Amino acid sequence: MADGGLRAVFLAQRPMLLRLLTARLGNRDDAEDALQDMWLRIDQLSDKPVAQPAAFLYRVAANLATDRRIAAGRRGARDAVWLDIQSAPEEIPDAERTMLARGEWREVEGAIADMPERMATALRMFRLEERSQRAIAEHLGISVSGVEKLLQRAYRKIHDRLDGYAEDRAGPRRQQGEGDNDRVG
Amino acid sequence: MIVSAEQADIIDRAIGWHLRLADADEAAWSAFVDWLEADPAHAAAYDRVAAGDRLIGGARFPAARPLPGNDDAPRRRWPWLAAGGAAAAVVAALTIPALTPAGSAYAVATGAGERRVVALDDGTSIEMSGGTRLRLDHADPRVATLERGEAVFHVRHDAAHPFVMTAGGTTIRDLGTVFNVASDGTALSVAVAEGAVEVGAAGGPVRLGAGDMLSRAREGGPAVKGRIAPDLVGGWRSGRLSFHDQRLAAVTATLDRLYGYRIALDGALPERPFTGMIRLSGTADRDIPHLAGLIGATWRRDQGRWILSDAQPSPR
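Protein chains in written order, with my numbering: chain A, 491 to 675; chain B, 5 to 320.
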């Protein structure tokens, strides 16, 4: 029963959570659906009292929105049959999609491999180890704003790499190339 | 050019928000919502940043080398739960407390429906699924014990110091590899995506290469070797679950662990065998009706629980 408090906070924050989900998902129906999903799972969100329950719920909602956006993107082309049974793994229909996902993964890993070591370390600590920027600053022996700049550039590199990959696949759509964004800075 | 410079700026601002959200308080979240709502381009930019962020979460990082010029700074070795900041507080709250009495061993655990990536000092990373508990050692990043649950190991190979993990009373030694291990403490399933592992067995170690799998229902029981498409190893990461001749009760237990779905099976359904692949979205409202359709069951909801019943009316 650790979450009686969490339920109350959920109800108090509901309007703002709905706004967040609506902005992320693009429409109110999906946002209401996601909120309902959160409500049903609220017992499982945490085993212990949460230090900052409102911030915690926003984080859960933002993660849920990202999950749904990614799932929707993947369903896009294939539509209806997202749950099916396969007699042999070789016959999986979405091999193409898996290839795309793996391609994106490779791009991200390539971008990380190209990063200066400090940048890659900062990104690893921030994203994989969920360390605070202050902890990363201590570890690297630089200022917190230095860490923020490293992370900002790291995410930008990854974004630009993925952007370039998507454009390569879609064919030349834009007139104006942004070729020098990938330059190692 | 003005347009593209503006777009570049929006991406940078979206990244700035994303970095801030890691330890944002209520007021910061509210400011973020204002920003998202201010312009559809903001929401679109953030959407791409968030999607990229997910890919980073699953990416392999180059092995960390010691930092030059940092030798005199005290090296902090993974104070997982002790790191300062609100982000760490949230992590601690999400993670089942698993404090060891003494020594350098420590545990990392995920609750039902939760996922987490753990990076070890040696460059190895472990993707943990829900309901998983791992025992690790600060003093030796080349050992791990999977107490329960399921995880994909991306092991950085070092012939001089093989990575050795234990699950269900069995020792698995990597020979340079990516592999998935699932165990409830006694049952064990190992599947290899890349490279090879050696699994300890009574009659001598069994070597598994890419596309090999091995499963065993209980400790000391007979082990069955099989084949799996390497793509499908650790399929839980993309919501693709394969089952081979397993009881539906085991299937729903897996869904509970991975997604926190609470599903009750009526009548003879728990014992019904199931073979096949299920693709899941992570949204119960979609996944459970589809699962029901797949096994020819009807579903209904009872509070936070889902109840599946045989569609055929049973003779009375």
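Please keep in mind that the hints were generated in silico from the structure rather than gathered at the bench.
Since this is a predicted model, take the numbers as computed values, not measurements.
Where is the CB? At the ideal position from N, CA and C, for every residue including glycine.
Hints may contain errors.
What follows is a set of in silico ranges between Cβ atoms, one per label pair, in the way DEER data are often shown [to be verified]:
id : chain 1 : residue 1 : chain 2 : residue 2 : range
1  : A       : ARG518    : B       : GLY180    : 46 to 54 Å
2  : A       : GLY631    : B       : GLY213    : 40 to 48 Å
3  : B       : GLY20     : A       : GLU607    : 19 to 27 Å
4  : B       : GLY173    : A       : GLY563    : 53 to 61 Å
5  : A       : GLU607    : B       : ASP43     : 45 to 53 Å
6  : A       : SER635    : B       : ASP270    : 40 to 48 Å
7  : A       : ARG518    : B       : GLY213    : 50 to 58 Å
8  : B       : LEU298    : A       : ALA562    : 18 to 26 Å
Now the stretches of chain A that chain B is said to cover, found in silico as 3 or more residues with beta-carbon under 8 Å [claimed, not checked]:
id : region
9  : 517-523
10 : 615-624
Problem set entry | 40 to 48 Å as the expected CB spacing between GLY213(B) and GLY631(A), which holds or is violated | At 43 Å between Cβs, range holds.
Problem set entry | Hint check for GLU607(A) and GLY20(B) - Cβ pair distance inside 19 to 27 Å | About 23 Å separates the Cβ atoms of GLY20(B) and GLU607(A), which means 19 to 27 Å holds.
For this session: Hint says 46 to 54 Å; check whether the CB-CB distance for ARG518(A) and GLY180(B) agrees.
Result: holds (50 Å)
Problem set entry | Coverage of the region 517-523 of chain A by chain B, judged on three or more residues with CB within 8 Å | Coverage by chain B is violated here, the residue count being 1 at a Cβ distance below 8 Å.
Exercise. Cβ-Cβ distance between SER635(A) and ASP270(B): within 40 to 48 Å?
Worked result: Between SER635(A) and ASP270(B), where Cβ atoms are some 59 Å apart, the hint is violated.
For this session: Confirm or reject the claim that LEU298(B) and ALA562(A) have a C-beta distance inside 18 to 26 Å.
Result: 21 Å Cβ-Cβ, so the 18 to 26 Å window holds.
Exercise. According to a criterion of three or more residues whose C-beta lies within less than 8 Å of a C-beta of chain B, is the region 615-624 of chain A covered?
Worked result: holds (count 9)
Exercise. GLY173(B) and GLY563(A), beta-carbon distance inside 53 to 61 Å?
Worked result: With Cβ atoms ~42 Å apart, the hint is violated.
Exercise. Lying within 45 to 53 Å: is that true of the beta-carbon distance GLU607(A) to ASP43(B)?
Worked result: About 36 Å separates the Cβ atoms of GLU607(A) and ASP43(B), which means 45 to 53 Å is violated.
For this session: Return holds or violated for the Cβ distance of ARG518(A) and GLY213(B) against the range 50 to 58 Å.
Result: holds (51 Å)
Hint check: violations occur at hints 4, 5, 6, 9; the rest are consistent with the structure.
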